[in-house]
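Participant: Hey, can you work out the whole structure from these sequences and the hints?
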Amino acid sequence: MNDGMSHGVNGTNTTGGLNRADGTARRYHAAVWDEPLIMEQGAPGRRGTVPPGPMEGAGGGDPLPAGVRRTTPPDLPEAAEPDVLRHYLRLSQQTMGMVGISLFGTCTMKYNPRVNELLAARDQVAEVHPHQDDGSIQGLLEIVHRFDLMLRELSGMGRFVFQAGGGAAAAYLHACVTRAYHESRGELAQRRDVITTAQAHPCNPATAAAAGFNVITLPVERDGHPSLEALRAVVSDRTASLMINNPDDMGIYNPHIKQWVDIVHEAGGLCFYDHANFNGVMGRIKAAELGFDACMFMLHKTFGVPKGGGGPAVGAYGCTPELERFLPGPLVVQTDSGYERRENPEGIGRVREFLGNLPQVVKAYSWLLAMGADGIREAADISVLANNYMEARLLAVPGVTKSFDHLTLRRLEMTRFSLGEYTEQTGVTAVDVQNRMTDFGVDAFWLSHEPWIVPEPFTPEAGEGWSLEDIDYWIDVLAYVMEEGRTSPAMVKSAPHNQVVAQIDGSSLDDPSRWATTWRAYQRKNAQRANAAGR
Amino acid sequence: MTEAPPQAPPARPASLGVIVNPIAGMGGRVGLHGTDGPALEAALRRGADAVAPYRARRALNRLRELAPGVPVLAAAGPMGGDHLTGEGWTVRTLPRSRTGPTTAADTRDAARAMVESGVSLLLFAGGDGTARDIVDVVGTAVPVLGVPSGVKMHSGVFATGPEAAGETAARYVADPARARCADAEVVDLAGDDLASAAPRMFGIARVPDARSSLQRAKAFTAGADDADLVALGREIAREMPADRLYLLGPGTTVAHVNAALGLQASRLGVDAVLDGRLLAADASEAELLSLLRRHPAATLVLGVVGGQGFLLGRGNQQISAAVLDAVGAGNIEILAARGKIAALDPPTLRIDVGDEHATAPITGYRKVRTGRGRSTVLRIVA
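Same order as they appear, the protein sequences are chains A and U. Residue 398 in my numbering sits at position 398 of the first sequence, with consecutive numbering throughout. Residue 266 in my numbering sits at position 266 of the second sequence, with consecutive numbering throughout.
Calculated directly from the structure, the hints in this document are not laboratory data. Wrong hints could be hidden among the right ones.
[Unchecked claim] Short derived list, chain A residues pointing at chain U, Cβ under 10 Å: (1) Pro74; (2) Ala233; (3) Glu450; (4) Ile453.
All values reported here derive from a predicted model rather than from experimental measurement. Don't be surprised by glycine CBs; every beta carbon is placed ideally from N, CA and C.
Facilitator: Structure representation (structure tokens):
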């Protein structure tokens with residue numbers, strides 16, 4: 001591409017005159033397959049693999065007992081294997097698929113090293129069965145144990161478990177441990193309150209509520225975090241736990257965190273450190289040294305394991321020795337003869353089956369070994385440096401402001417910006433800018449978990465892995481789109497132009513009569529709408 | 001509340017009423033607190049530019065892009081028709097029966113004519129004063145939506161910006177029968193002395209639900225306030241012990257408690273409830289004090305008025321220092337939608353009852369309930 005512009009499907013110029021260092025814009029257009037749903041494909045009698053019948057001498061007849069056999073076959077599409085493969089490959093081509101530049105803040109989008117995928121695909125990991133004898137999976141159990149030791153080193157906690165299938169599941173696990181802890185002391189009926197903050201990840205209040213607690217959310221005050229006075233006003237003998245991120249999603253580190261923990265402890269509550277924003281402080285702080293009783297790491301973001309559509313998640317939950325007896329079993333313990341899985345009699349039960357998503361633990365273990373203690377600290381420092389570089393450049397873009405811009409303290413691994421003034425001037429919103437940026441091969445940025453606090457928010461996170469060129473290109477695209485919003489707002493407001501589909505009306509997601517998560521619901525609700533329209 | 005309004009569904013095809021208060025907002029940039037009455041002359045003397053027409057056109061341009069051809073009934077001249085020229089509009093302009101500069105009376109005339117013509121939605125550009133004039137006439141018979149253009153905008157009827165107003169209106173007129181509405185408070189500064197004027201509630205409007213224009217992607221919960229408040233109303237109703245007097249303050253938030261009890265709220269006044277029965281609706285200070293003498297065990301349930309976070313002393317003056325004394329500071333429950341709290345800057349609630357002795361125990365950090373089992377803590381200042 002050397003003419004400085006790219007062309008949409010209809011030949012119109014849709015990426016304008018954005019210049020990269022070499023004077024050209026990246027030409028990008030998503031693949032458009034106009035792919036029907038899999039349920040609308042196939043034909044009767046088409047098959048993929050036809051499994052052989054029971055082996056000779058296996059008893060003959062139907063291998064399934066009559067009681068578990070279907071009387072009518074399932075209503076599934078009948079499609080040939082290559083058709084199915086092509087269908088899903090096409091769908092994958094219609095996404096940006098982590099080949100654009102993704103600075104999706106609060107999610108720490110990292111490169112997932114291929115070597116870790118190869119390790120997790122080895123038979124010793126991929127082909128084991130959870131009901132295998134411990135003696136036959138000693139290597140895997142050793143990895144779990146050694147990784148547990150490494151996370152203890154990073155946090156100061158007494159033991160980690162990997163059963164939770166994500167960060168929110170680990171937060172829920174903490175709420176369950178909190179319940180068990182207070183129950184063991186005969187105080188559960190009285191301790192009903194979980195305290196969190198308006199800028200903590202929403203999974204903290206949500207999981208506390210799911211576990212039956214009342215939730216008290218402290219508002220952010222002028223210093224960029226809730227005040228100690230507000231905390232003192234709500235802490236009481238009803239306090240069950242504090243659940244908090246630090247730094248929060250605005251990149252602001254609460255410097256009074258030790259005092260917070262002390263106040264909650266004095267009242268008899270537990271303190272949980274949601275380490276979703278660990279990237280800026282990896283190897284620099286330990287949750288236990290700050291006084292926390294438990295913490296959570298997200299292996300699928302911080303520890304180089306695929307996240308989102310890239311793979312299943314793991315919320316590694318760790319706690320102090322005092323809380324260990326409440327952890328969900330089985331635990332992996334080292335014995336004189338090796339490693340074994342052992343139930344935890346007082347544990348809260350399962351939050352997921354077996355040991356959790358073990359292939360992801362193997363990848364995270366491999367990632368952490370490769371990084372080393374010094375490497376992980378350096379990565380944290382680079383991610384803070386990269387964010388502060390981004391911040392300096394972004395604040396030079398007319399119309400970009402920073403949340404709580406009166407604070408002089410540096411933000412850590414991300415900063416919450418605002419396009420509020422720009423939107424007021426142009427009518428172009430952060431969502432419009434986000435949509436338009438995807439036309440340049442840049443993944444949609446993250447706005448905010450709490451979009452009602454900072455107007456027209458956006459939160460990029462540079463991390464330690466993206467190159468200077470990538471970060472600069474991302475900023476150039478943002479600056480270009482914002483300028484375009486001033487001169488031709490319609491171009492930005494009607495974006496995206498180079499994606500598979502144009503704008504999607506999200507209102508159906510708020511309308512139970514239209515949303516559909518299954519084929520059956522989709523058919524039923526579409527028919528109802530058609531009937532209603534015909535009346 | 002998300003239930004359908006009691007009125008019959010709007011006549012088809014969907015149509016839109018448009019009223020522009022051409023002088024709204026002019027006072028703001030020249031340091032006035034509004035453009036009502038004599039303030040207009042002062043604004044003009046200080047060289048104010050027209051704000052509302054410009055912002056109305058931004059909203060209308062967006063609407064035309066998204067809902068081309070929607071029938072529009074516009075107020076006359078600078079109050080509507082003038083801004084709907086050019087291609088893509090199907091406009092009928094109302095005649096004007098008055099002469100001279102436009103005033104609030106023109107706004108009310110136009111609003112009345114629009115209700116009578118059966119418009120599906122009334123889109124207006126102005127501030128709190130305009131909202132008050134319109135809602136005074138249309139009540140909850142027709143949903144209204146404000147293009148934020150005034151100096152004062154404490155009411156809950158405004159979109160987040162002109163384009164957002166155009167988008168929400170377009171979505172609404174696309175299918176008014178299925179579109180959802182919520183109740184919103186109309187709040188305006190009251191008092192003759194502008195410097196000391198404070199927000200008061202003047203009425204309740206129906207407003208199209210704009211939640212999906214807030215944000216896509218990971219967070220969909222920003223507009224879930226209504227469901228939270230319905231659940232909170234039920235929780236409080238369930239908690240009410242026998243023989244305890246409940247004084248339910250004004251506003252749409254506290255009205256959810258009345259609704260949970262199956263009682264019609266007076267909404268702009270204070271209602272008294274005992275054992276699920278309504279003892280008094282829209283009670284005066286004297287009535288409240290008399291009830292409190294008979295039932296000393298009492299809880300006062302308060303909502304928050306407008307964007308300035310007034311808890312007491314604005315629109316609920318019947319809750320006097322004497323009433324507060326009788327109830328006791330420990331027996332006050334504060335309810336607020338999360339959205340309303342988010343709009344507070346700084347996150348502080350205010351009381352102005354003029355009696356330090358009665359209000360001192362209420363000030364400081366206090367718990368504010370935002371949903372079932374959900375609360376926050378806010379600083380209360382007198």
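Participant: If a hint holds in the structure, say so; if it doesn't, say that too.
Facilitator: Okay, the hints, checked on the actual structure:
1. Pro74: violated, 32 Å
2. Ala233: Because about 3 Å separates A:Ala233 from the closest Cβ in chain U, which is inside the 10 Å limit, the hint holds.
3. Glu450: Given a least distance of 8 Å, the restraint on A:Glu450 holds.
4. Ile453: Since the shortest Cβ distance to chain U is 6 Å, the answer is holds.
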